[in-house]
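**Q** Read off the chains here:
4 protein chains.
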Amino acid sequence: MIATVRHKVNFYDTDAMAVVHHSNYIRWFEIGRVEFLRAAGITLNQLMADGYVFPITEVSAKYVASAFFDDELVIETIPEALTKVKMAFNYRIYRASDNTLLVEGHTQNVFTSKETGRITRLPDKYYDKLKVMMAL
Amino acid sequence: MIATVRHKVNFYDTDAMAVVHHSNYIRWFEIGRVEFLRAAGITLNQLMADGYVFPITEVSAKYVASAFFDDELVIETIPEALTKVKMAFNYRIYRASDNTLLVEGHTQNVFTSKETGRITRLPDKYYDKLKVMMAL
Amino acid sequence: MIATVRHKVNFYDTDAMAVVHHSNYIRWFEIGRVEFLRAAGITLNQLMADGYVFPITEVSAKYVASAFFDDELVIETIPEALTKVKMAFNYRIYRASDNTLLVEGHTQNVFTSKETGRITRLPDKYYDKLKVMMAL
Amino acid sequence: MIATVRHKVNFYDTDAMAVVHHSNYIRWFEIGRVEFLRAAGITLNQLMADGYVFPITEVSAKYVASAFFDDELVIETIPEALTKVKMAFNYRIYRASDNTLLVEGHTQNVFTSKETGRITRLPDKYYDKLKVMMAL
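Heads up: the protein sequence lines correspond to chains X, H, P and S, in order.
Mapping of the first sequence onto our numbering: residues 275 to 410, in sequence order.
Mapping of the second sequence onto our numbering: residues 275 to 410, in sequence order.
Mapping of the third sequence onto our numbering: residues 275 to 410, in sequence order.
Mapping of the fourth sequence onto our numbering: residues 275 to 410, in sequence order.
It should be emphasised that the hints constitute simulated quantities derived from the structure, not laboratory data.
Mixed in with the good hints, there may be bad ones.
Just so you know, same-sequence chains aren't split out, so a pair can sit in one copy or run between any two.
[What the hints assert, rightly or not] In the DMTMM-like style, the derived pairs of lysine to aspartate or glutamate whose C-alpha atoms are separated by at most 20 angstroms in a straight line are:
no. : residue 1 : residue 2
1   : Lys399    : Asp345
2   : Lys358    : Asp398
3   : Lys336    : Glu350
4   : Lys399    : Glu346
5   : Lys403    : Asp372
6   : Lys282    : Asp345
7   : Lys405    : Glu350
8   : Lys282    : Glu309
9   : Lys399    : Glu309
10  : Lys282    : Asp398
11  : Lys358    : Asp402
12  : Lys282    : Glu346
13  : Lys405    : Glu346
14  : Lys399    : Asp372
15  : Lys360    : Asp345
16  : Lys403    : Glu354
17  : Lys358    : Glu346
18  : Lys405    : Glu389
19  : Lys358    : Asp345
20  : Lys388    : Glu346
21  : Lys282    : Glu350
22  : Lys360    : Asp344
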């Protein structure tokens with residue numbers, strides 16, 4: 275299932291080239307990921323309270339067109355791969371007003387124990403919810 | 275004693291008006307504060323390991339002139355008041371190349387127990403070091 | 275008239291004290307200001323296209339309580355003063371779930387010519403719209 | 275030639291997992307890139323004054339280990355490819371205290387006319403300086 279969420283470009287997201295600074299899209303992938311997990315019935319707060327953190331191990335982005343201040347963006351988060359120790363997502367960010375594709379991206383994160391800092395297997399109560407979402 | 279630290283303006287600190295976004299100076303006051311504490315022989319990491327956090331309760335800034343990409347800034351941190359439960363600082367941020375005053379600011383923070391979230395008295399091992407710095 | 279807008283706390287807005295970093299509220303005042311202007315029928319893009327910029331000259335904030343990742347915030351923007359050369363706003367940011375007041379703030383900005391960098395009088399086509407909003 | 279620059283992790287760079295938020299490294303690649311250009315005798319301000327902008331078209335990063343508040347980082351920028359219309363860099367970010375590799379990354383940017391927004395050929399006065407740096 276693709277999770278979709280909207281985000282409006284703030285003035286503080288722009289840079290001296292008068293476009294959105296490219297690093298912000300990496301942050302907005304996170305908004306998409308959080309929304310995907312929420313749609314699966316999982317909140318990061320629960321995961322953290324249970325002792326799991328989920329550091330990003332890889333990120334990439336291709337920038338196709340610029341976004342500007344006040345643009346309404348559509349962030350699509352597409353699950354790519356899931357195991358009990360890691361997860362990969364693809365992203366597409368569009369401008370809502372004209373459907374222009376702005377950025378395509380990819381992330382991978384691993385599930386890690388907050389206590390030991392080591393990679394750990396996600397328990398079934400979370401894994402099963404994610405598996406359902408992957409299949410939808 | 276006034277603590278002084280330099281910071282170069284990055285491209286990502288600018289906005290679509292081609293100047294530094296005003297919110298960044300609030301972040302740079304933090305760089306100054308951390309430097310002041312370091313000069314006093316205190317690191318935030320030690321404080322946090324000891325169970326203290328130090329949330330900001332007040333901040334203010336007057337913006338006098340704009341900084342631009344690649345400007346070298348001088349951040350001066352001037353201690354204003356110290357008790358065992360709170361600390362206040364004033365700040366002056368200059369452009370190094372021409373000594374232009376850019377921003378004047380003020381912050382207040384309280385010492386808080388990480389565990390309870392409540393305001394707490396700073397132990398003497400920290401307080402005494404800060405008192406010495408205030409008097410220099 | 276008070277302009278109201280909602281903003282969800284992103285993970286990237288938090289810091290190592292596991293709360294929203296205090297500098298972000300200064301950014302969120304901007305979201306409120308933009309919304310106020312929009313409600314008045316003015317967009318920053320129009321103003322800039324017309325040759326006006328609107329640098330912040332003063333900002334202040336009192337931090338009452340912390341916001342956390344995933345909190346839904348309500349940003350209220352209350353106009354305080356308006357002349358043809360400057361504008362002042364007050365802000366109140368609440369947590370939507372429990373109505374806790376988190377931050378109160380204030381900003382002042384001046385209208386400036388993009389070309390000369392000097393303070394300039396806002397033309398009536400903008401001023402009149404703002405005056406109407408102040409009176410509502 | 276590899277350009278090297280140092281950057282200290284600020285408190286505001288951390289997130290609620292108490293490590294540097296992964297998006298910040300993308301910003302720090304920019305610090306490295308700017309430093310590389312400076313070493314080549316080129317400032318972004320000159321380029322922009324001459325009507326060139328240099329949007330990022332691709333970015334990627336692999337995250338190997340976490341950085342923490344107050345870590346001193348070493349950012350290495352390694353030129354990978356140069357034509358008159360685009361440039362590619364690789365990056366390595368280390369922790370200075372123990373030489374731990376934290377992040378490896380890559381960016382590509384194109385030279386674009388500020389006026390038309392279209393890809394343009396970099397004039398020889400800039401291209402030649404960059405070519406020299408590539409060969410060193």
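**Q** None of the hints should be skipped; say for each whether it holds.
**A** Evaluated hints:
1. Taking the shortest alpha-carbon separations for Lys399 and Asp345, neither the intra-copy value of 38 angstroms nor the inter-copy value of 24 angstroms comes in at or below 20 angstroms.
2. Within a single copy, Lys358 and Asp398 get their C-alpha atoms as close as 8 angstroms, which meets the 20 angstroms cut-off; across copies the closest is 48 angstroms, which misses it.
3. Proximity of Lys336 and Glu350 under a CA criterion of 20 angstroms is satisfied intra-copy only: 15 angstroms inside one chain copy versus 22 angstroms between copies.
4. Proximity of Lys399 to Glu346 under the C-alpha cut-off of 20 angstroms is found in neither arrangement, the shortest distances being 35 angstroms within a copy and 26 angstroms between copies.
5. Taking the shortest Cα distances, Lys403 and Asp372 never come within 20 angstroms of each other, neither inside one copy (34 angstroms) nor across copies (29 angstroms).
6. In this assembly of identical chains, the alpha carbons of Lys282 and Asp345 lie at most 20 angstroms apart whether taken from the same copy (6 angstroms) or from different copies (17 angstroms).
7. Proximity of Lys405 to Glu350 under the C-alpha cut-off of 20 angstroms is restricted to the intra-copy arrangement: shortest distance 18 angstroms within a copy versus 40 angstroms between copies.
8. When the C-alpha separation of Lys282 and Glu309 is checked against a cutoff of 20 angstroms, the pair qualifies both within a copy, at 15 angstroms, and between copies, at 11 angstroms.
9. In this homomeric assembly, Lys399 and Glu309 come within 20 angstroms of each other (Cα to Cα) only inside a single copy, at 18 angstroms, whereas the closest approach across copies is 41 angstroms.
10. Proximity of Lys282 and Asp398 under a CA criterion of 20 angstroms is satisfied in neither setting, with 35 angstroms inside one chain copy and 29 angstroms between copies.
11. Taking the closest pair of Cα atoms, Lys358 and Asp402 come within 20 angstroms of each other only inside a single copy of the chain (10 angstroms); across copies the shortest separation is 50 angstroms, beyond that limit.
12. Taking the closest pair of Cα atoms, Lys282 and Glu346 come within 20 angstroms of each other both inside a single copy (4 angstroms) and across two copies (15 angstroms).
13. For a Cα distance limit of 20 angstroms, the shortest separation of Lys405 from Glu346 qualifies neither inside one copy, at 31 angstroms, nor across copies, at 28 angstroms.
14. Neither within a single protomer nor between protomers do Lys399 and Asp372 lie at most 20 angstroms apart by alpha-carbon distance, with minima of 40 angstroms and 29 angstroms respectively.
15. In this assembly of identical chains, Lys360 and Asp345 lie within 20 angstroms of each other by CA distance neither inside one copy nor across copies; the values are 33 angstroms within and 26 angstroms between.
16. Taking CA atoms no more than 20 angstroms apart as the test, Lys403 paired with Glu354 passes inside one copy only; the shortest distance there is 15 angstroms, against 43 angstroms between copies.
17. Taking identical chains as interchangeable, the C-alpha atoms of Lys358 and Glu346 are never at most 20 angstroms apart, the minima being 35 angstroms within one chain and 30 angstroms between chains.
18. Taking the closest pair of Cα atoms, Lys405 and Glu389 never come within 20 angstroms of each other, the shortest separation being 26 angstroms inside a single copy and 36 angstroms across copies.
19. For the identical chains of this complex, Lys358 and Asp345 are neighbours neither inside a copy (37 angstroms) nor across copies (28 angstroms), given an alpha-carbon limit of 20 angstroms.
20. For the identical chains of this complex, Lys388 and Glu346 are neighbours neither inside a copy (35 angstroms) nor across copies (24 angstroms), given an alpha-carbon limit of 20 angstroms.
21. For the identical chains of this complex, Lys282 and Glu350 are neighbours both inside a copy (14 angstroms) and across copies (18 angstroms), given an alpha-carbon limit of 20 angstroms.
22. In the homo-oligomer, the alpha carbons of Lys360 and Asp344 never lie at most 20 angstroms apart, since the shortest distance is 35 angstroms inside one protomer and 23 angstroms across protomers.
Comparing the model with each numbered hint stated earlier shows that hints 1, 4, 5, 10, 13, 14, 15, 17, 18, 19, 20, 22 do not hold.
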